[in-house]
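Q: Here are the chains, one letter per residue:
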Amino acid sequence: MNKTVNQKAWFLVLPVLILVGFSAVIPLMTVVNYSVQDTFGNNVFFWAGLDWFRDMLESERMWNALGRQLVFSSIILAIEVPLGIFVALNMPKKGFWASFCLVLMSLPLLIPWNVVGTIWQIFGRVDIGLLGYVLAKLGVNYNYTQNVIDAWATVIIMDVWHWTSLVALLAYAGLQSIPDAYYQAAKIDQASRWKVFRFIELPKMAGVLMIAILLRFMDSFMIYTEPFVVTGGGPGNATTFLSIDLVKMALGQFDLGPAAAFSLMYFLVILLISWVFYTVMTNLDKRDGV
Amino acid sequence: MAKITLDNLAHSYLKQPKSDDDWALKELNHDWADGEAYALLGSSGCGKSTLLNIISGLLRPSRGRILFDGRDVTDAPTAERNIAQVFQFPVVYDTMTVGENLAFPLKNRGADPKYIAERVNAIAAMIGMEDQLRRKARGLTADAKQKISLGRGMVREDVNALLFDEPLTVIDPHMKWELRTQLKQLHHDFGHTMIYVTHDQTEALTFADKVVVMYDGRVVQIGTPQELFERPAHTFVGFFIGSPGMNLFDAQVSGATATVQGVAVPLGDSYAPVAGQVQIGVRPEFVRLHAGGEGLPARITRVEDVGRHKIVRLDVGGTAANAILDEGTPVPAGADRVSFDAEAINVYADDWRVAPQSLQGRAA
Ligand SMILES: Nc1ncnc2c1ncn2[C@@H]1O[C@H](COP(=O)(O)OP(=O)(O)O)[C@@H](O)[C@H]1O
Ligand SMILES: [Mg+2]
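Each protein sequence line maps, in turn, to chains A and B. Letter by letter, the first sequence follows residues 1 to 290 of full-length UniProt numbering. Letter by letter, the second sequence follows residues 1 to 364 of full-length UniProt numbering.
Here chain B stands alone, though its shape is the one from the complex (with noise of 0.2 Å):
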């Protein structure tokens, strides 16, 4: 078990990469805490394997370092850095059995065979496979094959750190729920690093204790999950997490006050004259529905019934936006305008979170 730290890492696929665009991996500095479970999440394509395969070493960064416990391993072979990944496909030993399989990483570390044999019994009782140790691996359906393949990562106890590329993908949803305690378990027991990289942003919650979104070749905000939800550092951020996302409106921001389509709306806290394109995010849960009064004029397109609360389709002034109301809420009558809990709101500019001039200092 290490901590590990991606010192100004960054990698291009390309020999000679020119523009911003050309690089999978933006700079990048961040310590991944020894015994620390993290989720990564972001789209796909935005470089969450390829931050993986460098921390494994199955792939030398074009730029920076990588240290465990301090120790620089840039350079090291994945053998040395001991350390157990999954990935999204299944891959199993065809010629071997399942048991063969599992136990495969320890005999290549040379471990004692009663500690290999009562290895294997434990992970295939994870996994739910003791009754098919001594079959052969090959015609097993791909989620037994991922079952097998995530045994295999889980199998050694001392590696640094855990590794898993979206490796539930194959999985039917009910064993997903079920595979996913077991790692959380695995985590409680053995305090391994951990990281598990998804695009499924309920899983991310549900899994790790930290959360690091990426976007585009960026890390955009590293949190607990409340803070992801509450203050998202970037409108990726808050549009990708959550359901529906945060709702973003073009506006001018002088003190305390928002201008939004013309209207002012007041914000929790003051801030200093931003600059570049600035935008106000709310998120749906903050949204007020009422008929005249304050607030910026809105049009209901449609109401979603989503079974524990609604989701109101608003359009405002040509900006398309979302409300939520509770499951016993009722979309109020003749509903004309919208206005925001004032608290709940964030500005941007140029995408990225602007700290309220109380905070300046603490949180840039």
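This is chain A alone, in the form it adopts within the complex (with noise of 0.2 Å):
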């Protein structure tokens, strides 16, 4: 086959490049900037090196803060995961209800970060909220603001609330590819419901779950909005995960040359944590084949 060669193809990805660039890779570059340098104030800078850096894997207050993201991302995709799995298998295959589960599911996809937080917050107060006035009245003692595991769960129920949907609809997705005929066969060969699932629904699934368990854990490692707004990283630090620990730095302090190296850090074990999930399932994946 003749391709014409023509180099002026190239100013066609120049308006990607300069996004990217503007979007991603400039702001970064101030992150790392800061990272090196410290400051005393008006404006001025001077080269600090890696100290930044030693300073935060020296601190004790950002390995507690990773240890509680790190249980968090755990605990939500263990409950995300199979529940979402159990919700995908037991929606309707097709006609209305199938679409009104799905239009359902969806709702809280759709619903904004500080929303969902807002919601909750009330919805959990003793005062007035249902959720807390019902707890309260029914006698469990129950208040997020100064119980730690009264904060985590309303959180993490939060989260779930949230979030399932998307592996569902995930799972969902990979369920409706599964060709009639694998059901009749497995039917025929009397295998259980049980070994439907693991021989030929989990399977069938296995791409797309991978998909949905990166997305979870990238998001629930980032979690800022929600907690912030019902807890406030609250009681005392119990709730503070990641990013809110960065903010009170950043703004609340303004360490500017910490906050960024921690920064820097915790995209670096995103990065990092993300490439080993997604290496571990598809050589799972590839481990079958051949």
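Do not take every clue at face value.
[As the list claims (entries may be wrong)] Derived pair list, reagent style DSSO-like, types lysine-lysine, alpha-carbon separation capped at 30 Å:
1) B:LYS107 with A:LYS204
2) A:LYS195 with B:LYS114
3) B:LYS18 with A:LYS94
4) A:LYS187 with B:LYS114
5) B:LYS107 with B:LYS136
6) B:LYS136 with B:LYS3
7) A:LYS93 with A:LYS248
8) B:LYS210 with A:LYS195
9) A:LYS94 with B:LYS26
10) B:LYS26 with A:LYS187
11) B:LYS136 with A:LYS204
12) B:LYS3 with A:LYS187
13) B:LYS136 with B:LYS184
14) B:LYS184 with B:LYS114
15) B:LYS26 with B:LYS210
16) B:LYS3 with B:LYS26
17) A:LYS187 with B:LYS310
18) A:LYS187 with B:LYS176
19) A:LYS187 with B:LYS210
20) A:LYS195 with B:LYS310
21) B:LYS136 with B:LYS176
22) A:LYS93 with B:LYS176
23) B:LYS184 with B:LYS210
24) A:LYS204 with A:LYS187
25) B:LYS136 with B:LYS114
26) B:LYS18 with A:LYS93
27) B:LYS210 with A:LYS93
28) B:LYS210 with A:LYS204
29) A:LYS94 with A:LYS187
30) A:LYS187 with B:LYS136
31) A:LYS94 with A:LYS195
32) A:LYS187 with B:LYS184
33) A:LYS94 with B:LYS15
No lab work stands behind these hints: they were computed from the structure.
Build the complex: two chains, separate frames, hints provided.
A: This is the structure:
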């Protein structure tokens, strides 16, 4: 085949490059810039090398936040993935109710983060919130502003409410792609419900589930708005996750250097974990092949 | 193994079927004899898969009952019927090895591991995959996957029936022949009741002792290959079986004579007056060509040499027809008439065969 060589085609890529440059690379570079300098104000900066990174690595505060974050993300994944699959398995396959369920499930996904936070903040209040009030009336001592367990439970349930739909919708799409013949063959082979799940549904969902897990991991690892609105990171530092801590440091205390170093490490951790997830899962996938 | 009885069976995919067309399977009464090998033949969309799925319990019939050895199983789930079925397109469990795939139906029934291993090896030998037992099924060719599906169908020895739904569609012709031979052997060795669905007449005629021909949701004829050839019960059978299919001419019939395009055609038997749209059918094998003399005026439009015989395409007073001549026989010079072997002519009224008077009462 004859290909026309036309170097002008590069100009077609230019808009994207510029866009990415302004939206990602340049802001990231400012962060890199702050992370290696110190200032005493007046816009006077001097070279600090890797001091901030060293400080951060030695800071108990950051490790605690990271620990909380990992626990939070693990719990989120451990609940939302199985629950999402369970919901998808029980959704109607076609007809009016299928569409109805799809719309219903998409609703939480369409609500802005801070609104979700506000909803739950009010919902859980003991004085006026439906949940908090009812629990109090039932004699349950529930108070997310004072009790660590209650605060965690509220934040987790809120996230499950907000995002399980995403996993469910992706899993549902995976299930829809399974031809009827597979279920028929399984019946002929007298496979149990569990085996149908294990050997037909799960393998066919693996691809979309990987995407769901990655998305949910990254998103939960960066969670900020909802817990900030509901608990403000409290009681104490109990729900101060990485982003909340970062914002406290950068804006609350105006420690730009440490905060920048923190952000970069945060970014690298997400990148690293996502990469590990991805490689492990694609390898699992490949191991089955050829 | 069991005798399978279909009792007033009918099925529609619609909730409220109204017209006749809404029924994918029209009312059907039939016994599938225990241990017999049947071919279920019909063009695509005529309801073959529907019938099979009803027998295996994947589909509940809208009407009627199914009995296994006289026991009503209409509402029994597939597992309880213990039937093996192989589908048109391969179904394999991707994450399992070839061996695990073959063992799956036995494992699900809690068979003894030693017995499972034995059966898996035997089946692997049948489908020619002994050396791939440890390989993952994912990534195999469609051919290989379909062989696994077939193997999974054959691995249980105690099934009530084996149903094959166009199982060799994706398999290449050479392997097709070999697998079909294997299936016949399997039937010979174990005597399972087998139903083999196909839309390929050669496949049907070579596989089975009894061929069931379906047309538009109806079973139109059940018979041996010879019966289907000599006495097609429906014009569809005449047309569908044989290549080319039976010639049909509009006719009036009275006694032992049919009148086609104003020409008298002698019949092998006499008929009571027949109502409806009357046609006579004669297979190309029994069409004679000659120059002048008796018969219908005809024009040769083309002669095709297909090896063992010649197909002569004809225009008989505006109706297309075919004649078959043996390889050695030349096309008669100046042939402009066709006549038919009287014994080989069948009479049809509204597409259904009319029995001659001498036989009426026996074969209506
Ligand atoms: N699941 C279904 N829902 C609705 N109609 C169907 C379904 N399966 C088959 N049909 C219809 O029933 C008729 C018979 O189909 P089928 O039994 O698959 O034919 P065959 O196997 O002989 O090709 C066809 O007209 C087809 O369109
Ligand atoms: Mg079919």
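Q: Next step is simple, just say for each hint if it's right about the structure.
A: For each hint, the structure was consulted:
The hinted pair formed by LYS107 of chain B and LYS204 of chain A meets the criterion: a straight-line CA distance of about 22 Å does not exceed 30 Å. A hinted pair counts as satisfied when its Cα atoms are at most 30 Å apart, and LYS195 of chain A with LYS114 of chain B qualifies at roughly 22 Å. Between LYS18 of chain B and LYS94 of chain A the alpha-carbon distance is near 24 Å, which keeps this suggested pair within the 30 Å criterion. Straight-line distance between C-alpha atoms of LYS187 of chain A and LYS114 of chain B comes to about 24 Å, which keeps the hinted pair within the 30 Å bound.
Restraint check: the Cα-Cα separation between LYS107 of chain B and LYS136 of chain B comes to about 18 Å, which is no more than 30 Å; the hinted pair holds. This hinted pair does not check out: LYS136 of chain B and LYS3 of chain B have alpha carbons roughly 38 Å apart, beyond 30 Å. Between LYS93 of chain A and LYS248 of chain A, the direct Cα distance comes to roughly 47 Å. Violation of the 30 Å bound is thereby established for this hinted pair. Taken as a hint, the LYS210 of chain B and LYS195 of chain A pair is broken in the structure, with Cα atoms around 38 Å apart against an allowance of 30 Å.
A hinted pair counts as satisfied when its Cα atoms are at most 30 Å apart, and LYS94 of chain A with LYS26 of chain B qualifies at roughly 27 Å. With a C-alpha separation of about 26 Å, the suggested pairing of LYS26 of chain B with LYS187 of chain A holds against the 30 Å cut-off. Restraint check for LYS136 of chain B and LYS204 of chain A: satisfied, since their Cα atoms lie roughly 15 Å apart, inside the 30 Å limit. Between LYS3 of chain B and LYS187 of chain A the alpha-carbon distance is near 22 Å, which keeps this suggested pair within the 30 Å criterion.
With a C-alpha separation of about 29 Å, the suggested pair LYS136 of chain B and LYS184 of chain B falls inside the 30 Å cut-off, and the hint holds. Proximity of LYS184 of chain B to LYS114 of chain B is assessed by CA-CA distance (about 27 Å); at most 30 Å being required, the pair is judged to hold. Restraint check for LYS26 of chain B and LYS210 of chain B: the C-alpha separation of about 21 Å stays at or below 30 Å, so the hint holds. With a CA separation close to 21 Å, the supplied pair LYS3 of chain B and LYS26 of chain B stays within the 30 Å bound.
Taking the CA atoms of LYS187 of chain A and LYS310 of chain B, the gap is near 49 Å; set against the 30 Å cutoff, the hint is violated. Straight-line distance between C-alpha atoms of LYS187 of chain A and LYS176 of chain B comes to about 26 Å, which keeps the hinted pair within the 30 Å bound. Proximity of LYS187 of chain A to LYS210 of chain B is assessed by CA-CA distance (about 28 Å); at most 30 Å being required, the pair is judged to hold. Of the pairs offered as hints, the one joining LYS195 of chain A and LYS310 of chain B is violated, with about 57 Å between alpha carbons and a cut-off of 30 Å exceeded.
For the suggested pair LYS136 of chain B and LYS176 of chain B, the alpha carbons sit about 24 Å apart, so the restraint of at most 30 Å is met. Between LYS93 of chain A and LYS176 of chain B the alpha-carbon distance is near 36 Å, which puts this suggested pair outside the 30 Å criterion. Restraint check for LYS184 of chain B and LYS210 of chain B: satisfied, since their Cα atoms lie roughly 13 Å apart, inside the 30 Å limit. Taking the CA atoms of LYS204 of chain A and LYS187 of chain A, the gap is near 18 Å; set against the 30 Å cutoff, the hint holds.
The straight-line distance between the Cα atoms of LYS136 of chain B and LYS114 of chain B is roughly 22 Å, inside the 30 Å bound, and the hint therefore holds. With a C-alpha separation of about 26 Å, the suggested pair LYS18 of chain B and LYS93 of chain A falls inside the 30 Å cut-off, and the hint holds. For the hint pairing LYS210 of chain B with LYS93 of chain A, the CA-to-CA distance comes to about 40 Å; that exceeds 30 Å, so the pair is violated. With a CA separation close to 40 Å, the supplied pair LYS210 of chain B and LYS204 of chain A exceeds the 30 Å bound.
The hinted pair formed by LYS94 of chain A and LYS187 of chain A meets the criterion: a straight-line CA distance of about 21 Å does not exceed 30 Å. Among the hinted pairs, LYS187 of chain A with LYS136 of chain B is consistent with the structure: their alpha-carbon atoms are about 22 Å apart, no more than 30 Å. Distance restraint check for LYS94 of chain A and LYS195 of chain A: the Cα-Cα separation of roughly 23 Å lies within the 30 Å cut-off, and the hinted pair is therefore satisfied. The straight-line distance between the Cα atoms of LYS187 of chain A and LYS184 of chain B is roughly 25 Å, inside the 30 Å bound, and the hint therefore holds.
Restraint check for LYS94 of chain A and LYS15 of chain B: the C-alpha separation of about 16 Å stays at or below 30 Å, so the hint holds.
Consistency note: the structure conflicts with the earlier hints numbered 6, 7, 8, 17, 20, 22, 27, 28.
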